[in-house]
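K.L.:
Chains as they are written, first to last, in numbering that gives the first Met the number 0: chain A, 0 to 241; chain B, 0 to 245.
It is worth saying that the hints were derived from the structure and are not from the lab. Values in this document were obtained by computation on a predicted structure and should not be read as measured data. We treat Cβ as the ideally placed atom computed from N, Cα and C, and that holds for glycine. You may find that some hints are simply not true.
To be verified - To spell it out: a stretch of chain A is covered by chain B in this simulated footprint if at least three of its residues, at any positions, have a beta carbon under 8 Å from a beta carbon of chain B; those stretches are:
#1 143-150
#2 182-190
#3 202-208
Claimed, not checked - Partial chain B-side listing against chain A, Cβ under 10 Å, derived:
#4 G13
#5 P20
#6 Q24
#7 D72
#8 M126
#9 N144
#10 E146
#11 G147
#12 E148
#13 A149
#14 A151
#15 D183
#16 L187
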Amino acid sequence: MPLYRDEGVVLRTHKLGEADRIVTIMTRTRGKVRAVAKGIRRTKSRFGSRLEPAMVVDVQCYEGRNLDTITQAVSLATYGDAIARDYPRWTAAAAALETCDRLTEEGEPNLQQYLLIAGALRSLADDVHAPELVLDAYLLRALAVAGWAPSFHDCARCGDPGPHRAFNLASGGVVCPGCRPPGSAAPASETLRLLAALLAGDWAIADASEVRHRLEGSGLTSAFLQWHLERGVRSLRLVERA
Amino acid sequence: MYDGAVQDLIDELGRLPGIGPKSAQRMAFHLLAADPVDVTRLVGAIQAVKDKVRFCDVCGNVAEGERCRICLDPRRDAHAICVVEEPKDVVAIERTREFRGLYHVLGGAISPMDGIGPGELRFAELMTRLASDEVTEVIVATDPNLEGEATASYLVRLLSSFEGITVSRLASGLPVGGDLEYADEVTLGRAFEGRRVMSRARPPAPTADPRAAEPAADPSAAEPAADQTAASAREAKTAYAPTGSE
Ligand SMILES: [Zn+2]
Ligand SMILES: [Zn+2]
Numbered sequence: 000m001p002l003y004r005d006e007g008v009v010l011r012t013h014k015l016g017e018a019d020r021i022v023t024i025m026t027r028t029r030g031k032v033r034a035v036a037k038g039i040r041r042t043k044s045r046f047g048s049r050l051e052p053a054m055v056v057d058v059q060c061y062e063g064r065n066l067d068t069i070t071q072a073v074s075l076a077t078y079g080d081a082i083a084r085d086y087p088r089w090t091a092a093a094a095a096l097e098t099c100d101r102l103t104e105e106g107e108p109n110l111q112q113y114l115l116i117a118g119a120l121r122s123l124a125d126d127v128h129a130p131e132l133v134l135d136a137y138l139l140r141a142l143a144v145a146g147w148a149p150s151f152h153d154c155a156r157c158g159d160p161g162p163h164r165a166f167n168l169a170s171g172g173v174v175c176p177g178c179r180p181p182g183s184a185a186p187a188s189e190t191l192r193l194l195a196a197l198l199a200g201d202w203a204i205a206d207a208s209e210v211r212h213r214l215e216g217s218g219l220t221s222a223f224l225q226w227h228l229e230r231g232v233r234s235l236r237l238v239e240r241a
Numbered sequence: 000m001y002d003g004a005v006q007d008l009i010d011e012l013g014r015l016p017g018i019g020p021k022s023a024q025r026m027a028f029h030l031l032a033a034d035p036v037d038v039t040r041l042v043g044a045i046q047a048v049k050d051k052v053r054f055c056d057v058c059g060n061v062a063e064g065e066r067c068r069i070c071l072d073p074r075r076d077a078h079a080i081c082v083v084e085e086p087k088d089v090v091a092i093e094r095t096r097e098f099r100g101l102y103h104v105l106g107g108a109i110s111p112m113d114g115i116g117p118g119e120l121r122f123a124e125l126m127t128r129l130a131s132d133e134v135t136e137v138i139v140a141t142d143p144n145l146e147g148e149a150t151a152s153y154l155v156r157l158l159s160s161f162e163g164i165t166v167s168r169l170a171s172g173l174p175v176g177g178d179l180e181y182a183d184e185v186t187l188g189r190a191f192e193g194r195r196v197m198s199r200a201r202p203p204a205p206t207a208d209p210r211a212a213e214p215a216a217d218p219s220a221a222e223p224a225a226d227q228t229a230a231s232a233r234e235a236k237t238a239y240a241p242t243g244s245e
């Protein structure tokens with residue numbers, strides 16, 4: 000049985016049988032992996048908290064026909080512990096983890112998505128920015144890496160230099176007056192500036208933003224995410240907005 | 000694949016938790032060969048559980064009437080409510096004989112990815128109980144995993160408006176019977192957080208005053224130490240208490 004070792008972020012877990020779990024891990028080099036952790040639900044399991052969601056681990060697994068089996072796990076960062084102690088941060092983390100699960104495929108290496116989710120969790124654990132801002136920054140960047148980079152400045156259709164006021168989901172962001180399809184939204188210019196800052200990682204602008212612009216930005220970000228995914232991201236419903 | 004009734008039974012058994020196709024097949028053939036009296040008794044037990052057992056109107060535990068055995072017991076201390084995820088957690092805590100209060104069964108943990116939010120669990124029923132009852136302590140006994148922890152965080156925030164209620168969370172610590180070196184970081188960290196004072200440092204006796212060294216100092220030295228241990232245990236338990244709830 001081939002053994003392998005990788006580091007990864009635990010995205011989610013499912014109960015299996017009496018005391019096992021299937022653990023979904025976004026790994027650094029192998030992409031998404033689903034593996035069985037045997038006996039993990041017993042309080043004396045040697046895995047302890049290491050394979051809980053939002054933990055970063057160094058895992059050793061052996062490959063199976065359907066599912067791999069985890070033989071060892073060592074903690075690299077216990078982000079989940081800090082995050083679960085604060086409900087708003089936990090719900091934001093759940094939405095990020097679920098989105099990562101939805102945007103990645105098993106067996107397809109995706110280093111950028113791995114770094115994005117690990118970075119988002121670190122930021123939530125360190126509690127330096129509002130959780131809803133960290134989440135929206137993660138969602139926008141994860142979509143960009145997946146090939147759906149939204150445009151918040153130049154026209155998403157013709158590239159006409161911005162700033163533009165109209166926002167259209169189907170077009171992929173802001174649109175110029177010439178391209179503007181009927182039914183486009185007209186968000187506040189501060190909201191578009193906030194979203195551009197979140198996408199670019201300009202935290203000085205994001206941290207200073209007003210609640211109403213954050214709310215409007217979250218609405219656009221969620222709509223953008225749902226537009227590109229077949230099914231909705233369930234966890235988004237529980238995220239507390241400002 | 001088997002014909003009709005046998006395959007139907009295998010399919011039904013295979014839907015039970017923890018039963019794979021192989022076990023389902025083994026159980027089906029066991030039942031096929033079993034004494035009809037035994038099978039009738041099993042069928043009767045399954046039917047009875049669906050007909051008779053329901054959930055307690057007050058606490059959500061399994062019950063055979065409107066209220067469960069624990070809610071009906073007048074000897075239970077109605078000042079303390081222990082909040083758990085599932086009825087089987089009630090059984091686990093009852094086995095310890097440590098707790099004499101009442102329970103509240105949430106029906107699970109908050110799990111955003113599974114679409115389970117506070118609205119899907121019995122939080123509203125708990126709030127109703129706390130508003131009308133004489134409850135002074137809520138003990139949060141959700142599972143010792145991160146979903147359980149997040150559910151506890153939500154509950155503690157929800158309860159922060161009840162000024163007369165002390166909220167505590169079961170301590171997380173090292174499993175009895177295990178080796179320290181195998182404990183994971185979070186468990187070991189929590190064990191440090193919730194550590195128990197076993198002997199408190201005593202201020203040195205003033206040497207100038209001979210009365211301070213009287214034999215009477217000895218028994219009294221033991222007593223405050225015990226009190227302080229209890230006090231620090233209370234502190235550890237109420238680490239989640241809303242501020243200003245003392
Ligand atoms: Zn244009
Ligand atoms: Zn009851």
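K.L.:
Now, for every hint given, state plainly whether the structure supports it.
P.N.:
Do the hints match the structure? See the list:
With 0 residues having a beta carbon nearer than 8 Å to a beta carbon of chain B, the stretch 143-150 of chain A misses the requirement of three or more and the stated coverage is violated. Counting residues of the stretch 182-190 of chain A whose CB falls under 8 Å from any CB of chain B gives 0; the rule of at least 3 is not met. Residue count for the stretch 202-208 of chain A with a Cβ under 8 Å from a Cβ of chain B: 0. That is fewer than the three needed, and the coverage hint is violated. The closest approach between the C-beta of B:G13 and any C-beta of chain A is roughly 13 Å, which is over the 10 Å cut-off, so the hint fails.
At its closest, the beta carbon of B:P20 sits 13 Å from a beta carbon of chain A; the interface hint therefore is violated under the 10 Å criterion. Look at B:Q24: its Cβ only gets to about 16 Å from chain A, farther than 10 Å, so that hint breaks. With its C-beta approaching chain A no nearer than about 28 Å, B:D72 sits outside the 10 Å limit, and its interface hint is violated. Residue-level restraint check for B:M126 is violated (minimum Cβ-Cβ distance to chain A is 16 Å; threshold 10 Å).
Taking 10 Å as the C-beta cut-off, the interface hint given for B:N144 holds, the closest approach to chain A being about 6 Å. Among the interface hints, the one on B:E146 holds; its C-beta lies about 8 Å from the nearest C-beta in chain A, closer than the 10 Å criterion. Given the 10 Å rule on beta carbons, the hint for B:G147 holds: about 8 Å separates it from the nearest Cβ of chain A. For B:E148, the shortest C-beta to C-beta distance to chain A is roughly 4 Å, which falls under 10 Å, so the interface hint holds.
The interface hint given for B:A149 is met, as the beta carbon of that residue sits about 4 Å from the closest beta carbon of chain A, less than 10 Å. Interface hint at B:A151: satisfied, since its Cβ lies 9 Å from the closest Cβ of chain A, which is below the 10 Å cut-off. Because the closest C-beta pair between B:D183 and chain A is about 3 Å apart, less than 10 Å, the hint holds. Interface hint status for B:L187: upheld, as the beta-carbon distance to the closest one in chain A is roughly 9 Å, under 10 Å.
The structure shown violates the earlier hints numbered 1, 2, 3, 4, 5, 6, 7, 8.
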